[in-house]
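**Student:** Protein sequences, first through last, are from chains A and B. Going by our numbering, the first sequence opens with residue 16, and the numbers climb by one from there. Going by our numbering, the second sequence opens with residue 765, and the numbers climb by one from there.
Just so you know, nobody snuck in bad clues.
One side of the interface only, derived from the structure: several residues of chain B facing chain A at Cβ under 8 Å:
no., residue
1, V780
2, G809
3, A857
4, R869
5, Q884
6, I888
7, P890
8, I920
9, N974
10, I1011
11, T1019
12, L1027
Some chain A residues flagged as far from chain B (calculated, every beta-carbon gap over 10 Å):
no., residue
13, L44
14, L71
15, W73
16, L76
17, S153
18, R204
Hints listed in this document are in silico derivations from the structure and should not be mistaken for laboratory results. These numbers come from a predicted model, not from an experiment. In this text, a Cβ means the ideal position worked out from N, Cα and C, and glycines have one as well.
Okay, here's what each chain looks like letter by letter:
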Amino acid sequence: MGWLLCAPAVLVILLVTAYPIGYAVYLSLRRYDLRFPADTAFVGLANYGTVLSSGLWWQALKITMIITVVSVAIEFVLGLALALLMHRTLVGRGLVRTVILIPYGIVTVVAAFGWRFAWTPGTGYLAGLFGDAAPLTSQTWGVAVIILAEVWKTTPFMALLLLAGLALVPEELLRAAQVDGAGAWARLRRVTLPLMKPAILVALLFRTLDGFRIFDDIYVLTAGAHDTRSVSILGYDNLFTALNLGVGSALSVLIFGVVALIAVVFVRGFGTAAPGQETDHR
Amino acid sequence: MTSDPAAGNRALLGWVTANTVVVVLSLVPLLWLVSLSFKTPESIGDGRLVPTDPTLANYRGIFTQSLFTRALVNSLGIALISTLLAVGIGGLAAYAIARLRFPGRRALVGLALLIAMFPQISLISPLFNLWRQLGIFDTWIGLIVPYLTFSLPLAIYTLATFFREIPPDLEKAAAMDGATPAQTFVRVIAPLAAPGTVTTAILVFIFCWNDFLFAISLTSTESSRTAPAAIAFFTGASQFAQPIGSIAAAAVVITIPIIVFVLLFQRRIVAGLTSGAVKG
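Work the whole structure out from these sequences, hints included.
**Tutor:** Structure representation (structure tokens):
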């Protein structure tokens, strides 16, 4: 009975993810250029060789990692501050909770256009801020603006996850620590954060894997110009401008591998609640 | 915890300031787009937040273009159908996960989580090829299928949380009165789960409405291109005359409904968003 009810969902999920990934593995082992669709053949790991020996892949991987690590770090700090603000504030709690849902609800592409116009000389209010003529035309500033867009859009989500974690910290413990003479900072570091650890790790895992997929913001802000490509942008470019399905599939498999690796590191290395565990103690 | 009134006032001032900063930072990027959308081509570069000579020309412009109106229809249709399917199929699975003990239940929850974090770009190459072979490239169904897949984990998680909150005694009572499991579900569970279902539907709808990667990869014409993809393809008279006003107007049009939704259902959305994630 249980399986019968789940069957449709499982079927759809497997058909659209597991099967295509298998198909991608198969394609990645073949020569398949869409400009010469008749000329396909088994080429072993040659496509992987092409990807791994190209500077583009390593460049994109580096940029993706920088964007992911920096934005998740900033989001964590801001998200925690925001969560504490919503948890403790004396005034306007409802207003803040409502307003921070706006970045969450906004279409990513729309937000990215907002930032692009803001940072473009002529249409924007931020372009002249640092004296740089056109921030989106240099790698460093481009990446910085991409991180800003990403942080603005996803900090609310992080804050809400952390807020739910904050609610699990017993008030009495904090008061006891205060009686024992712990200041606000010590209470945060020694009591609140350790108790929130499971929530923090899940939030970080969610956002790291999500950050690694970054595509929309870069597509709109720089379109990957000036070496600001993420691995997702590289995969897209490879399919639609280089039209190479074999190499594109090798990229797909490699990205999938990196994401799986990140998940394993989180679950094994940091002891993030592995998927499936959390249903049991409710 | 001090009773000194001056310190209390300072604290209050601090909270007000912090809250104001958050509100301003959340709103300004959006307000700037709204402002641009009401500007004329001449004043678009003036750097003012309040347009000097507000105009509706940008809005009239995009609604007379089939590029945008057609994309809006596509977006609405595709997102609505995906949402209905995801809530329906996800609801069945969520009910099973919340209520029934069966082997592989945990594995199923794990699978759902894995999919939620799956790198979508990895599917673009294979799906692009498969969809062309199946003849569903650049069709509604070609987008509905991946949207359904990626919103199912969200739907299952959120719905399972809401189902768990319904006391199991109600079902036992219904069973004792002779109701079949199907009747119990339709008559007892479904009505009680209605608020959760609405929340789930909103979250799934936002997800589908927001998608860009699938929308630009698996479509090629107006027949199925959704609004976010269409906006990215807006072009001006020349490379240098970007249709900023039109893009801003279109951006506002596809943003406002979502924001209204989010504000109306604020409490529920927060509950739904955090339901699956923090019970570890």
